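Engineer: In order, the protein sequence lines correspond to chains F and C. So the first sequence is residues 1 to 379, counted in this note's numbering. So the second sequence is residues 380 to 1002, counted in this note's numbering.
If you're looking for bench data, these hints aren't it; they were derived computationally from the structure. This structure is a prediction, so every number in the text was calculated from the model and none was measured. Some clues are possibly wrong.
Part of the chain F face toward chain C, derived, beta carbon under 10 Å [as the list claims (entries may be wrong)]:
no., residue
1, Leu52
2, Phe110
3, Ser113
4, Ile158
5, Leu229
6, Ile237
7, Ser240
8, Val241
9, Gly243
10, Tyr333
11, Phe334
12, Glu377
For lysine-lysine, the following DSS-like pairs were computed, each having C-alpha atoms within a straight-line distance of at most 25 Å [unchecked claim]:
no., chain 1, residue 1, chain 2, residue 2
13, F, Lys28, F, Lys144
14, C, Lys584, F, Lys28
15, C, Lys584, F, Lys144
16, C, Lys742, F, Lys259
Idealized CB from N, CA, C, for every residue including glycine.
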Amino acid sequence: MQQAYTPALQVTPKAKVSKLRELPLAGKVLVRPGDEVRADDAVLSAELPGDLTIVRVADRMGFEPHEVVRGMKAVVGQSVAEGQLLCEIRTFFGFFTSQLLSPSAGTVEFFTSSNAHLGIRHAPVPLFVNAYISGIVSGVEEGKAVTIETDAALVQGIFGVGGERQGVVYALNIGNNEQVTVEHIGRIKDNLEKRIIVGGLSFTADGLAAAAGRGVSAVITGSVDSTVLREFTGREIAVSVTGDEDVPFTLIITEGFGKLPVSERVMNLARHYEGKEASVNGATQVRAGAMRPELIIPLAQSSAQTSSLSEGAEEETRFLRTGARVRIIRVPYFGQFGEITAMPPEPQRIPSGALVRVLDVHLDNGDEVVVPRANVELV
Amino acid sequence: MAAKRVSEAATTIEANKLRVVLATDCGSTTTKAVLFEKKEDGWRQTFRGEAPTTVEKPVADVTIGAKNAFLEVQELAGRQILSREEEGDKCPLLIREGDGSGVDLYVSTSSAGGGLQMIVAGVVSNMTTASAERAALGAGAIVMDAVSIDDGREQYERVRKVRHLRPDIVLIAGGAEGGTISHPLELAETILQADPRPRFGETLKLPVIYAANSKARVQAEEILRQRFEFIAVDNIRPALERENLAPARNAIHELFLNHVMSHAPGYRKLMSWSPVAIMPTPAAVGDMVLAAAEKWNLQILAVDIGGATTDVFSVFRGGSPDQAFVFNRTVSANLGMSYSVGNVLIEAGEDNIRRWLPFRMHKEELRDRLCNKMIRPTSIPYTIEDLLLEQAVAREALRLAFIHHRRLAVGLKGTKQRRSIGDFFRQSSADSLLDMIGLDLIIGSGGVLSHAPERRSGALMLIDAYEPEGVTRLAVDSIFMMPHLGVFASVDKNAAAEIFVRDCLIDLGTVIAPVVAGRAAMETGAALAQAVLPDGRRLPIRCGEIQCCEYEAGERGEIVVVPASRRVDAGSGPGKTHRAQVYGGYAGIVLDGRGRPLVFPAAEEARLAAVQQWYRAFGLKTE
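Construct the entire structure; sequences and hints are all you get.
Structural biologist: And the structure:
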């Protein structure tokens, strides 16, 4: 391998963003290629199979299974209404009649004679999938999926919780090194409802609670204390697969755990696009680098021509090279930025005793340091 | 004429004609390729290359990562193994020629895409559900959930849990032949109610293997066939005292190859490159461990600690020396060193991780560092402090995975085996099978053990986590090649065994750990036993202390351990002199008098002093 792929989180004013929207099962596509859609427009629909109610006919009627089989009135494939007769048994020369009525409406899916269990499938539940981002429908896979494309400013975070949401970008007027508290939120007079607020070193627990109280859609900040995160989500994050937490808003961190300032590039973007509608998703799947949380701010379609160039440039920077800017992602230089000054090809011994391939980095604070190649991210 | 490709070779493999074999393990993060070559002095592992696994979008084709790993082997070996012409889906590997290019055979294992994931269901937790779980684990699967009629959950809770899972296969067991019919049907109903979706392929019907009472088979099929692919096999537990795992295991393996793998991105192509079936990684490692135990007649405990999961394998005799080996494998799906490090933190707790550190670290600092490792899993420790923190986590992950293993490892083997009713009722007391004092060898594998900067630290980690008793040899997998050897063994058992001994196993040494019977503690510093080393040196094993005596790798001799009192057992019973073979290695002969279970001093200062002494004894840095 001549070049090593290195993870890089994108923070870019212009990129072609394409989102595949998929149904979990076969359904209908509601749009056509070329259609312009808004983030909250439904683009796909399907019918989820309804719940299955299992009726233990023999148990319910107090008979043996073989006795109820001959009294069954409902058959597999039949539609039944709630309260409709399912089984009727006459005993004692027909003097006594036992009946079992259907507890729910649906279709009889199975009946097992050996235990006299009957399955009633409820009516299907409609499911709609929205576009998530405003843009153009660029592809359709009949019955399954659509692709929405847009030119957008894009911020990828390192970790997030909470799923897809939409809102309006709002840059906090606060230093990148400052922790956001309940007092900071209290001092903001603007309406924060449905806002995606960006800024700060991190949020205190009461700062997050205050943001929730103001109805924000999302918070994007530099870092979070693991204990604050636990309080926010109500549980420990055991593995880095997130997105379905029951949280009042989506939380995205751009740098890591602890106390690390949000980068100036993220803040510049947020300030530039303040007031713009955007989409966020906190879903993170670290495994195989599959999914990182994101803020997508769709741009006017007129910028489409230049966007593909910027995307190409992004791909190029995914390889380490002398002169590239990097963020160090491990102690003792964790969170610091710098520039690669040399890439010695031979492995070197680092203080832990391991023999690894390294980089020489000139940090922004003027220090020259040696770090393992595995411990940097391109910025 | 274009050079012939490996996939065009004859489909029958003549093992005695093999000279160069390329093997890959497609892991969740990395695809590792190793080259095995038959030299004048026999089979050796010669070169190794690796590349990121490419099962995720945008590439979504496992063969791309495999080709990149081949390329690295080619560059390192200076041998042309790849064709210069790209020809669609054809295997890019050349057949070996007289000029030294090409390979004879390509084989592979895989755990990419999260490996094989299953839901198992049975009637009674420690009977049929346990059998189903063993069949799944033995086939190399991760068990996502085990449903039992008696699992204590309400039906809606079971349905809710299963509904959100995305398994590859469901296995239903339950009801001995002639036994209950209603319960297996109830399990079929539960699966139907939950209606879990398959992980791959939206249009795919999820396979359900029915290995329960055959009398309920037709009705179970009626319930399930509309929404699932129904596969019936012989009853996994035809009688209470008899277990028959093989049909279910074979069905799992068949489905894994033809159903799950072929729907995973690029696997159909990868499968066409090899005449040998792709094996799930844990199944290959398990085969290797079992083969080693049988070949050397040893009781073995092996572990593979990865980023996401920790697999534990054990081969013990079922209670007495003349009994057949019993193989068990468990996978702790959320105990690992990177993706799952957050879960280790939760399950072990901060205090249990901190207790292994020879320095102070604030709880918050520890939590934040580990969470950062979780979200940046490929980063590596730069400082000693950071390295020791990772190794502390590893001890806890190993310990927790072993507790899990002890719970599940019981005296049943993956083939037909008869047990008495009495055995069945003793089944829950699984600990009796893992007789630590009779354990001969511990093998560690996985990055944190195989790639520890100091091999001796691997020995200390294994001792701390497993607390071996008596005399136990320690080894690590040099570069993580047990999966490759496992699949190669399916072609040439002897060649794989030869490489295993010569290039895979790195001897760390032998630990001597006498145990004190009864609860009364002995005074720190008091002599537990005297060890007479192979060179004649007589050394006391002192209570609360650990020390390493130099004994080089390759050296082998007899040790005599003489207990200082009747309460001390060195391996032959309380108070009895114990003689055993010892093997040298990086840590030499380790005399461990710290006692079992390992107890830490309560006061922080005393704990620090004790842990620092342990590190010093192994010549390891603490700052």
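Engineer: Using the nearest Cβ pair, does Gly243(F) come within less than 10 Å of chain C?
Structural biologist: For Gly243(F), the interface hint is violated, since the closest Cβ of chain C sits about 13 Å away, which is over 10 Å.
Engineer: Hint check: is the beta carbon of Ile237(F) less than 10 Å from a beta carbon of chain C?
Structural biologist: holds, 6 Å
Engineer: Could you check if Ser240(F) really has its C-beta closer than 10 Å to a C-beta on chain C?
Structural biologist: Holds: closest Cβ of chain C sits about 5 Å from Ser240(F), inside 10 Å.
Engineer: Next pair to validate is Lys584(C) with Lys144(F); report whether the Cα-Cα distance is within 25 Å.
Structural biologist: The given pair, whose Cα atoms are some 16 Å apart, holds under the 25 Å limit.
Engineer: Between the alpha carbons of Lys742(C) and Lys259(F), is the straight-line distance 25 Å or under?
Structural biologist: holds, 15 Å
Engineer: So, Val241(F) near chain C? Judge it on the closest CB pair being under 10 Å.
Structural biologist: Holds, because the Cβ-Cβ distance from Val241(F) to chain C comes to roughly 8 Å (cut-off 10 Å).
Engineer: Below or equal to 25 Å on CA atoms is what counts here, so check Lys584(C) against Lys28(F).
Structural biologist: Holds: Lys584(C) and Lys28(F) sit about 20 Å apart, inside 25 Å.
Engineer: Grab the minimum C-beta distance from Phe334(F) to chain C and call the hint holds if it beats 10 Å, violated otherwise.
Structural biologist: This hint holds: Phe334(F) lies near chain C, its Cβ roughly 7 Å from the closest one there, short of 10 Å.
Engineer: With 10 Å as the cut and Cβ atoms as the points, is Ser113(F) at the interface with chain C?
Structural biologist: OK, holds: Ser113(F) within 10 Å of chain C, min 7 Å.
Engineer: Double-check Phe110(F) for me: the hint is only fine if its C-beta lies closer than 10 Å to a C-beta in chain C.
Structural biologist: holds, 5 Å
Engineer: The hint names Leu52(F) as touching chain C; please verify it with the least Cβ-Cβ distance against 10 Å.
Structural biologist: holds, 4 Å
Engineer: Taking the least C-beta to C-beta distance, is Tyr333(F) closer than 10 Å to chain C?
Structural biologist: holds, 8 Å
Hint compliance for this structure: hint 9 alone is broken.
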